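From just these sequences and the hints, can you work out the full model?
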Amino acid sequence: MGIIKALKLCFEYQRYDDEGNIQDTQKAVDQVDLDIAPGQFIAILGHNGSGKSTLAKHMNALLLPTEGTIIIDGMDTKEEPELWKIRQKAGMVFQNPDNQIIGTVVEEDVGFGPENIGLPTEKIWKRVDESLQKTGMTAYRSHSPNKLSGGQKQRVAIAGVMAMRPSCIILDEPTAMLDPNGRVEVLKAVHDLNRLEGVTVILITHYMEEVTDADRVFVMDSGHIVMEGTPREIFSQVEKLKEYRLDVPQVTELAHELRLSGVDIPEGILTMEELAGALCQ
Amino acid sequence: MSIELKNVTYTYSPGTTYAITALKNINLQIPEGQFLGIIGHTGSGKSTLIQHLNALIRPTEGEILYHGKNIWDEDYDRRKLRSEVGLVFQYPEHQLFENDVLSDVCFGPMNQGLSREQAEVEARKALASVGLKEKHFKKSPFELSGGQKKRTAIAGVLAMNPKYLILDEPTAGLDPRGRDEILDQIAYLHKERGISIVLVSHSMEDIAKYASRLIVMNHGEVAYDGTPREVFQNYRELEAMGLAAPKMVYIMHELSGRGLNVDVNASTVEEAKESILAALKEKKSPLQGKAVSAEKKQDPLSARSEAAAGGAAGEEQV
Amino acid sequence: MIRDITVGQYYPAESVLHGLDPRTKLFGVLVFIISVFVFRTFPGYLVATIFLVGMIALCKVPPSFIFRGLKPILFILALTMVFNVLLTPGEILWQWKFLRITREGLVLAAKMAIRLVYLVIGSSILTLTTTPNQLTSGMERAFRPLNRLHVPVHEVAMMMSIALRFIPILLEETDKIMKAQIARGADFETGNIIQKAKNMVPLLVPLFISAFRRANDLAMAMEARCYHGGDERTQMKPLVYSAKDRIAYLILLAYLAAAILFRITGW
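Chains as they are written, first to last, in the working numbering: chain L, 1 to 281; chain Y, 282 to 599; chain F, 600 to 866.
No incorrect hints appear here.
No farther apart than 25 Å at their CA atoms in a straight line, the calculated lysine-lysine pairs in the DSS-like style are these: (1) F:Lys797 - Y:Lys419; (2) Y:Lys444 - F:Lys775; (3) Y:Lys305 - Y:Lys287; (4) Y:Lys416 - L:Lys27; (5) F:Lys797 - Y:Lys420; (6) F:Lys778 - Y:Lys361; (7) Y:Lys490 - L:Lys240; (8) Y:Lys472 - Y:Lys444.
Quick caveat, the hints were computed from the structure, so don't treat them as lab data.
Note that the structure is predicted; figures quoted are calculated from it, not measured.
Here it is as structure tokens:
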């Protein structure tokens, strides 16, 4: 049984005209089936407006499905009376680093979640200490979040989620507003958590380079999951990805172009070493 | 005809304990017609630099000349300067405020003193040149997609008919196709409308693909200034600054290290492809190829000219 | 100008005052404010001055930093002084046409000035030595009895601390939008008041939209982290009185008693 399991999940929302009448109904998520095994590193790709954020918000019950079900660690988000049990299990990190930090001091922000679930003070401190350590932010614990770089702010946000001891962490374009160094920093933190702590990771992103190490990749388009597979399987379909307004890592693109020009190398090359190996036999 | 910075230094909150020198003695000339890329990590001074170009920030020391005239002279018309040197901030979609797209784009031209009718003519031209379709013109800017909002905002600056267009990370937050579309549009403006472009970006790949000149900022100073190919040769030094060369430069070095006779300075996918194809051809023609690689061992320094020679030899055989 | 406002700013340091419980400091400010109005004579103000100087010495914040907080009120201060000096009837010391200065006027103006300056400095010391979070949690605890009257004390405190966190972010954003509109030829400086107000639209509309977007994001982030109001919520840094606080309370009560004594005896 997977840690996140969706069955024919649909989410519709209504658009209203000026008089408040329903103008039309849009399906942001349409008939999505998912089964994610614990401990995996999952990536979800899709262009802006493809429904990936809406899907992510179902994973910790910020949105409830209009049809179908989604089950998080055995709990149906529609049935569960206490949503915050689900939200502890599946933590969420958002895109804008400034808009998700509540505390005026780093450590107080990390303690925000544990405070909300009513842990006794000593336990809160213990969790804050360990989360800061896991994300490498211990040195910044008494800093003001406003003085940190974008990458550091996102690590604080991740630490805040980790303090809930989640079994799964969903990151909704956590690197979209960061510079390249910040992106590397955040991705490293996420990979470490996945590898060392066994936390299931669901990473939503626009950056193709970020998903080459994922266990599984899903591609979304107009609310559907349109592609699913290992990064190699996904990135070997260059033309199809471009149809979905996406791209492939530059190495893959180069390999693809070379293949089109008649060079005999396999599709779906992901790293520089692979390409060099294929070309310099 | 150019923008020229002479010994420009800028200090935030000078004279206090918070004083931070964001720019140190910058000397720079941006002639009309260039497509200039500016790269630097966060806090390197690149945002401060571009705000000097249209007089949003006054330098603490030094002077800025536009077409040879000091823009901080008492009687200099800085509002006119700002319409000639258009600046598009990062996330420009956050500055939209009018009820509909067309009115928002009219804001700039009307500030220049045009009537609403004249402004609309300019606005329509600008919207067309960023590729926004007529059917969106009467929509609220907030109904548009992220990419469309950005284009509306760029049109808002473009409608003032600037000679220079400065863009601070115009692709932030867009999906891959959206990024390509915006950059292609900018390249089009440069090529077809002859607008000089200053593009601030975090993406070495984008700069490699579009810019003809690249400036690397580091700690408030210009660390490198040259064509992207020239600058990327210093990829080790760039890494030390917390930057990196485009992926292709690394791939080409790796291939070259493994004995494939490629151009290590190729920085775009297109250039890399051509160079690899040429190198492979050369490798396949046994006689020539072996001769070249044997020679190469003796004199690694002349590898580049041999690559050209080898490529030509390969072609002859085909 | 914005940087001059020290009321509401925190100055990190390790001092006795920084280490006190925020409730103690809130009580201290309350006592001090009362005392400033209870004292009516200059010997009384001397006692208040000694107390204030003591606090300034204890808080380890550079005095120049504290006094900078007075800059924004200088205008109000000057205005009230001028009015008091010129409009109080009494023994005339100097007169020129309808303007006259009286002894009573001078005394009253001096007293007003002392009160105003002491109030600002006293409350600055509180905010300079207390983080916004400590301050809000102190207020939350102090006003907890109001919960019985269905006053949402926790929610108000939470709103205050969030507001404090977002002030610098929104200031930065204001600056950015302003520059973006200036780059499009906007003019925020010239014209009469109505024109100026009209010219603010391109600044205010994006600013409001941005503030709402942030509020929306933040609400979602808080919900995602299991925030569901003040019920069943525990605290990472609960407030506990220590020996220092007990001593501080004793000193404050003694000071208050002295003030009342001065008033009764008319010193």
